Amino acid sequence: MKKFNITDFSIKWGFLIVMGVLFTMFSILEPAFISAGNLFNILLSVCIFGTMALGETFVLITDGMDLSIGSTAALSVMISAYLMVVLELGGLITIFIVLGIGIAVGLLIGFLIVKVKIPDLLATLGMMFLVQGLQYIPSGGLSIGRGAVIKNGREAMGHFSEGFKYLGQGRILKVIPVPVLIMLGVAIIVYIILSKTKFGRIFYAIGGNPEAARLVGVNVNKYKVIAYASSSFIASLAGILLAARVGRGDVGSQGTLLMDAIGAALIGFAVLGARKPNPFGTIVGAIFIGMLMNGLTMLSMQYFWQDFIKGSVLVAALAFTFGISKKHG
Amino acid sequence: MNKEPIVEVKNIGMSFGATRALDDVDFNFYPGELLALVGANGAGKSTLIKIICGYHSGYEGQIIIDNKEVDLNSPKEAYDYGIQTVHQIINQGVIQTMTVAENLALEEMLSPDQPILYNYPAIRKRALEIASLMDLDYLDMDAPVFSIPQSDRQMISIARALASNPKLLILDEPTSSISEKEAERLFSTLLKLRDSGVSIVYVSHRLHEITRLADRVGVLRDGKVAGELVVPFSVQNIVHAMVGDIEQEPVKKEDVKVNKNVVKLELKDLVVQEGKPGLNLKIYEGEVLGLTGLIGAGKSELAAVLFGDVKPISGEMYINGKLYEPENIGAAIKKGIFMVPEDRNNNAVFPDFSIRQNINMPFLDMFTNKAFVLNTRKERKEAKRMVKAMTVKCESEDSPILSLSGGNQQKVIVARWLMTQSNLVILDEPFQGVDVKSRSEIGQYLRKNIGKSTALVIATDLDEVIDISDRVIVFNHGVMVGEQEAGEIDKEKLIHLTSQTLEEILEPGLVGNVTKGVV
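Chains A and B, in that order, are what the protein sequence lines are. Start counting at 1 in the first sequence, then tack on 130, and there's your number in our numbering. Start counting at 1 in the second sequence, then tack on 285, and there's your number in our numbering.
Just chain A, with the same shape it has in the complex (with noise of 0.2 angstroms):
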């Protein structure tokens, strides 16, 4: 048994213990929070961008960065909407047509890193402002519910299947929103598939030294393109549960998922010290986004702190995952 070492110790379990003494804090100044009800509620409020992190979790594997996945996400509302509500299909017609067309964003920013080797930053944010503009074009600008008027004068007479809003709303059992199980399921592939498989094993290989995949006979620029598809894939998901619960297609509601997904993503670094993009950290990351928004929300935290305290939680634990565990070896 090797000696006890404190900063071993605090850069493997340091932030599931602060999780853990927050969690227990916001239970005994406010016991409301934690009822079944409001634990739920936690989950759904992360399941969106939480959803989203796990896809972009495979592009930072690779080191690489996708800034598209909300513009992409805020796509898939508006396509969503306007297939079943001005195009009267049907839910599941509509869930493929999205989700093919979060795969074509993807091979297209894959593409645009590999092929026209644009940087990735540079690619995807570009891509994320045509995605962005591309959402508004088909109902020239205006948010798509039943009724309303779209370009031509046409009132729009479709509406969001049941099913598909099952996907947002539905609860099982009257209790477990079916979106959290989405991301738990999501979640749990993307963890096999990381962890349990060779896809897994090359991602990490890629991000780890690109070179030495390739001089082990990696098709390197396969594989990333497959992680920017993967990733524009899961946001499209991302956002057919976000169309589903709220059961319109509101323009711009990327809002600040694109930064969520990303602050829970690199927040999962330092869950167990692992130093590297992980699904397990990526969703206990969002967990913690979540539980402590809800928390500070119940005791009174004003909304304009949100994003401060976001912010600061994401740099702490940055600093904690690279500033201790760097120097440490």
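Quick caveat, the hints were computed from the structure, so don't treat them as lab data. Note that this is a predicted model, so its numbers are computed, not measured. Glycine is no exception: its CB is placed at the ideal position from the N, C-alpha and C atoms. Heads up, some of the hints might be wrong.
Claimed, not checked - Partial chain B-side listing against chain A, Cβ under 8 angstroms, derived: (1) L475; (2) L478; (3) G482; (4) G615; (5) N631; (6) N632; (7) A633; (8) P636; (9) D637; (10) F638; (11) Q642; (12) L649.
Assemble the complex: chain A is given as a structure, and chain B must be docked to it using the hints.
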């Protein structure tokens, strides 16, 4: 010659982890003298130079400049004492996106005395003055440096170093990537500089250059001064001082177990560099073939073609008699052509991975089921077998690779490619930064386990090659200039072959004689 040294180094020592790179090294550098510094790879030349030019702080010993002891902690300090260095890696010496003029006058441009508004015409004027020091007036001053050839970039670095009127000018392998003509121009400038009182330290593998230029030769071997030679000296003297007593035995004739009846790999008129003659070579079953030559001799170019990374310009390759035309590296690996690349840290090690993950990386398919899920138990078993066979010193096969010493990391990388059956394993500079013991263990393992496969060991250092090869071939300027079998190795002849000039190679009579004398 002036007897007062301008720079003295005394009892210089330096360790990197467990490796003793330099030990108790003394040198005096006199004004108006050209000192050539020679030694095999890893002998400590680069470390010594880096200490003198302020790059490595934390050295042991003293540096005395103009009779005053100084403490060099940064390149800037060395520079302020009048020590200028032109490094071997050209692109570290130039800023690619700036113009030729800006690179030549870089010092002026970045000086705090410059006016706030950028005065390009003034920079350009100064650049032209600097260019004339090396007759570089033919360069397009306004072209960005990334658009000009390597050799011109090197000339820019040298010109810039000369422009600051250094007291001590250090050149590390300055001719490794410039043409003969440019080298001549460099030599005449250097001799002029020397005569004007500058002290010059000249590092080169090219012994012929050294016999022409140097007033004195300092020889390093395994981090220690192995001798100093004063004119007159010959290539043979230098080689003897460099090589010294051999620590390892070259392969003996009776240890050669090559099956000459089976040609494993054949190259037919293979051209890997534009304008070079085709290469014809057979590698036989069970053979460890050594390939040596200076940097730039075309060794790595051949490796890149064999490994499917670069397409040959013309010619054919055959494996087991079948045409071999790899589309990419993945295809080459499928055909059983493996490579341990040069520069372990940048090209081979996955720093976040464990030993096991590093070993298994090329052959993940061996460990995956139909659902692509990795079988960790099987991975462990194979990794454990290789770790044991190659005597990697580690806690377990799941330890991080970065917890190992350089030599043990290299064993892991070699193990990666010896785990499965191959047709050819290329090892490009496998012993760089590897301690003597690990080197011998890797070499012995390779020889014992070559089986029906073949290996191509590429190294600039002659000893590294002859200690494990059944046959040694020599490249020079992209031409295969010599071949010797184990048991008939003539080291001095091999060194002569590696350091010949292009003219000597192309002179048919001379080449004929040499080849006949060797094979």
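inquiry  = So, as I understand it, the hint says B/D637 touches chain A; can you test that by seeing if any CB pair is closer than 8 angstroms?
reply    = holds, 5 angstroms
key: Interface restraint verdict for B/L478 against chain A (beta-carbon cut-off 8 angstroms)   = Violated: closest Cβ of chain A sits about 39 angstroms from B/L478, beyond 8 angstroms.
message = Is the interface hint satisfied for B/N632? The criterion is a beta-carbon contact with chain A at less than 8 angstroms.
response = Result: holds, 5 angstroms to nearest chain A Cβ.
ask   = Does B/A633 pass the interface hint, meaning its C-beta sits closer than 8 angstroms to a C-beta of chain A?
value = OK, holds: B/A633 within 8 angstroms of chain A, min 5 angstroms.
key: Cut-off 8 angstroms, beta-carbon criterion: hint that B/G615 touches chain A   = Holds. Min distance 4 angstroms.
query = Should the hint that B/F638 touches chain A count as held when the rule is a Cβ pair under 8 angstroms?
reply = At 6 angstroms from the nearest chain A Cβ, B/F638 passes the 8 angstroms test, so the hint holds.
key: Evaluation of the interface hint that places B/L475 against chain A, nearest CB under 8 angstroms   = violated, 36 angstroms
Chain A contact restraint for B/Q642 - C-beta distance below 8 angstroms = holds, 7 angstroms
Status of the hint placing B/N631 at chain A (closest C-beta pair under 8 angstroms) = At 6 angstroms from the nearest chain A Cβ, B/N631 passes the 8 angstroms test, so the hint holds.
ask   = Can B/L649 be said to touch chain A, with a Cβ gap under 8 angstroms?
value = Holds, because the Cβ-Cβ distance from B/L649 to chain A comes to roughly 4 angstroms (cut-off 8 angstroms).
query = Once the shortest beta carbon distance from B/G482 to chain A is found, is it less than 8 angstroms?
reply = violated, 45 angstroms
task = Grab the minimum C-beta distance from B/P636 to chain A and call the hint holds if it beats 8 angstroms, violated otherwise.
result = Hint holds; B/P636 Cβ to chain A Cβ min 6 angstroms, cut 8 angstroms.
In the structure shown, a violation is registered for the earlier hints numbered 1, 2, 3, in ascending order.
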